[in-house]
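Peer 1: Sequences listed follow chains W and E, in order. If you use this note's numbering, the first sequence corresponds to residues 29 to 401, in order. If you use this note's numbering, the second sequence corresponds to residues 29 to 401, in order.
No lab work stands behind these hints: they were computed from the structure. Please read these numbers as outputs of a predicted model, since none were measured by experiment. Glycine included, each C-beta is placed from N, C-alpha and C at the ideal position. Treat the hints loosely; a few may be bogus.
[Claimed, not checked] Residues on chain E that point at chain W, a partial pick, calculated with CB under 10 angstroms:
#  : residue
1  : Asp90
2  : Lys201
3  : Ala228
4  : Ala232
5  : Gly239
6  : Gly262
7  : Phe268
8  : His277
9  : Ser291
10 : Ile293
11 : Leu357
12 : Ser367
[Said to hold, decoys possible] FRET-style restraints, in silico, Cβ to Cβ:
#  : chain 1 : residue 1 : chain 2 : residue 2 : range
13 : W       : Arg297    : E       : Arg134    : 54 to 64 angstroms
14 : W       : Ala369    : E       : Asn318    : 44 to 54 angstroms
15 : W       : Arg267    : E       : Asn207    : 47 to 57 angstroms
16 : E       : Gly194    : W       : Thr130    : 30 to 40 angstroms
2 protein chains.
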Amino acid sequence: MPFIVDIHTHVYPQSYLGMLRARKTVPYIHDPSTPDAPPRLIILSSDDDPSIPLDRRGRPVDSSYSDINAKLEFMRRHGINVSVISLANPWLDFLEPDQARTWAERINDDLDVMCANVNKESKEKLFAFGALPLSAPSADIVVGEVERLKTLPHLRGVIMGTSGLGSGLDDEKLDPIWNALQNTDTLLFLHPHYGLPDEAFGGADTINRYGHVLPLALGFPLETTIAVTRMLLGGVFDRFPMLKILLAHSGGTLPFLAGRIESCIQHERRFVGNGGDLPGPQRSVWDVLNTNIYLDAVVYGTAGLKAAVAASGKDRLLFGTDHPFFPPLDCKEKEVWPSVATNYEAIQDAFDADANDIAAVLGGNAARILKIN
Amino acid sequence: MPFIVDIHTHVYPQSYLGMLRARKTVPYIHDPSTPDAPPRLIILSSDDDPSIPLDRRGRPVDSSYSDINAKLEFMRRHGINVSVISLANPWLDFLEPDQARTWAERINDDLDVMCANVNKESKEKLFAFGALPLSAPSADIVVGEVERLKTLPHLRGVIMGTSGLGSGLDDEKLDPIWNALQNTDTLLFLHPHYGLPDEAFGGADTINRYGHVLPLALGFPLETTIAVTRMLLGGVFDRFPMLKILLAHSGGTLPFLAGRIESCIQHERRFVGNGGDLPGPQRSVWDVLNTNIYLDAVVYGTAGLKAAVAASGKDRLLFGTDHPFFPPLDCKEKEVWPSVATNYEAIQDAFDADANDIAAVLGGNAARILKIN
């Protein structure tokens, strides 16, 4: 049996759920009036559809969202030895500035304790990506938390969305944070949450016609692709050449579009190298993909996985599940989740059943990169 | 030397350029006051930036946009035997309803004559994809043109954008047109033009900061992906299982995202198959990719091409150039265009220099599918 590490697996600590319960705007938790009905979690603005009664809005929150025993049961069921848990979206992005630092420290301490408790008693092991207080009044507070995380023994990086300080990831105000991540050799797990404007999909009516498919299947990966392309175009990887970024969902669509992005940069008349007046990136997309970028293998198909391997290399691809999201709709005890099975099968297929390559993607790469043993 | 067919190559007939010259809103052509300065073509709303003087707005239109001799010179320079020319975006989408039919017939007749004249005298051969009068007052007029195109000897399909009749490609009012395309066995070349809303990229200031890169490198392929996913979700491929659609830029990002799209459909609680109240598609993404979809090989990299092959199969992938777009910025006589060289190299790489596979993608597939010989 190969050693399996799940680097894309979320948790909402009880303290975080309590905070969401006290809120009435997205993100929030609503407790239905019907006895025994599970609480509803409304995390996407597309979930908060006023035409749907509150008691049925969003998604049911079962124990798998916060109970670490549910995580351990999921790990055993799927042969996962180590999970690197992260707070799920939208993290702490929405907090009032004066609340951000306290909550970041509290959540990250909770995660570290959760890992410590499990690792003492269980054969399965946990590590964590921390959350950042991005809405704090100054970037120094974020830098302070990046540095503090190095003192927590089970933290192995940080998770972040694409809004940064509110203006995207090419905002130069983020430079102190990139600098701190680079200097502390901290891996950043970049994860989508905000999707695309409704009009990109033809408006809210079109979106609702297909449930959550358009925002989840397309909005999420396109958001990630745009965010990391803006980082590239804004010169973040030129200024911070040692940044390490793990991209959710195999990079959104970055591996597929890397060639087109590079071609458009090379053909942009307004970039300095081409005689223009705009700076433009100094390093190629391919160089960044092979130096700074890691990809999870959460892409649900051989086609996507082959592009990911060709773009970043098989030593930079890491297995993940996205648990507790995408549970089976008709959940049977002890059944393997189809969403996970699809990713396992894609890994088998993409590497023609080569045992060494498969073992690297399932766990070897993560163990090496995240110093897990 | 392999037989090479370019299926993604655009032309603006003189009649079309004349029509654009008479316009003052996008799309339009502006003739600078400076003598000898080339006319400027403003086709994207992002090109029409009022902060840029009209004389420098958009892109220069040289003879390669309309002069068929420039196309033939480009073909010889790149070893291309056959070009299947198509009107470039935004086609006839913007016409007043009462103008649509006349212009469609005129443009398509022009294209057919252009092909006939070249094929009589040149070793290089031309065929064409026709344009559709989508803004016409009734779908019957569009159906009539689809049928009329079968009587023009050099027409091999039609090209269409993603707006359809103005409400996207999942609009049921398009059914008579899908029906006509299916019944006449007409290939539809689906091509982007409208991109994404500015806010998807962080607003107009962010877009302008990077020239045309964000709308061209990301907006275009994401638009195609959204359009074809809406067709799938809206059941177009269920109702018209014999439709043949060639997707520009290797499907936008469809091959990469196909797995995630299929997984999101399988996990959508609101679809009938999963106990919900919404119809949802009956056929899988993979089935549609292998039955209805063809992909061009205009993806500028091995990573994207491998995903395309894995998704649709190597017998459904067709070489293209996107000429006259992406010309070398420093154009030397007789030089191979870097944009074309990148695509040639990606095809060599993706098939490990297998001569049969490469010949199929470069021309064999197109010859078989489009009945070109």
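Peer 1: Indicate, hint by hint, whether the structure satisfies it.
Peer 2: So, going through the hints one by one against the coordinates:
{"no.": "1", "hint": "Asp90", "in the structure": "violated, 14 angstroms"}
{"no.": "2", "hint": "Lys201", "in the structure": "violated, 14 angstroms"}
{"no.": "3", "hint": "Ala228", "in the structure": "holds, 5 angstroms"}
{"no.": "4", "hint": "Ala232", "in the structure": "violated, 13 angstroms"}
{"no.": "5", "hint": "Gly239", "in the structure": "holds, 4 angstroms"}
{"no.": "6", "hint": "Gly262", "in the structure": "holds, 8 angstroms"}
{"no.": "7", "hint": "Phe268", "in the structure": "violated, 18 angstroms"}
{"no.": "8", "hint": "His277", "in the structure": "holds, 7 angstroms"}
{"no.": "9", "hint": "Ser291", "in the structure": "holds, 4 angstroms"}
{"no.": "10", "hint": "Ile293", "in the structure": "holds, 6 angstroms"}
{"no.": "11", "hint": "Leu357", "in the structure": "holds, 5 angstroms"}
{"no.": "12", "hint": "Ser367", "in the structure": "holds, 6 angstroms"}
{"no.": "13", "hint": "W:Arg297 / E:Arg134: 54 to 64 angstroms", "in the structure": "violated, 33 angstroms"}
{"no.": "14", "hint": "W:Ala369 / E:Asn318: 44 to 54 angstroms", "in the structure": "violated, 21 angstroms"}
{"no.": "15", "hint": "W:Arg267 / E:Asn207: 47 to 57 angstroms", "in the structure": "holds, 55 angstroms"}
{"no.": "16", "hint": "E:Gly194 / W:Thr130: 30 to 40 angstroms", "in the structure": "violated, 51 angstroms"}
Hints 1, 2, 4, 7, 13, 14, 16 from the list above are not met by this structure, while the remaining hints are.
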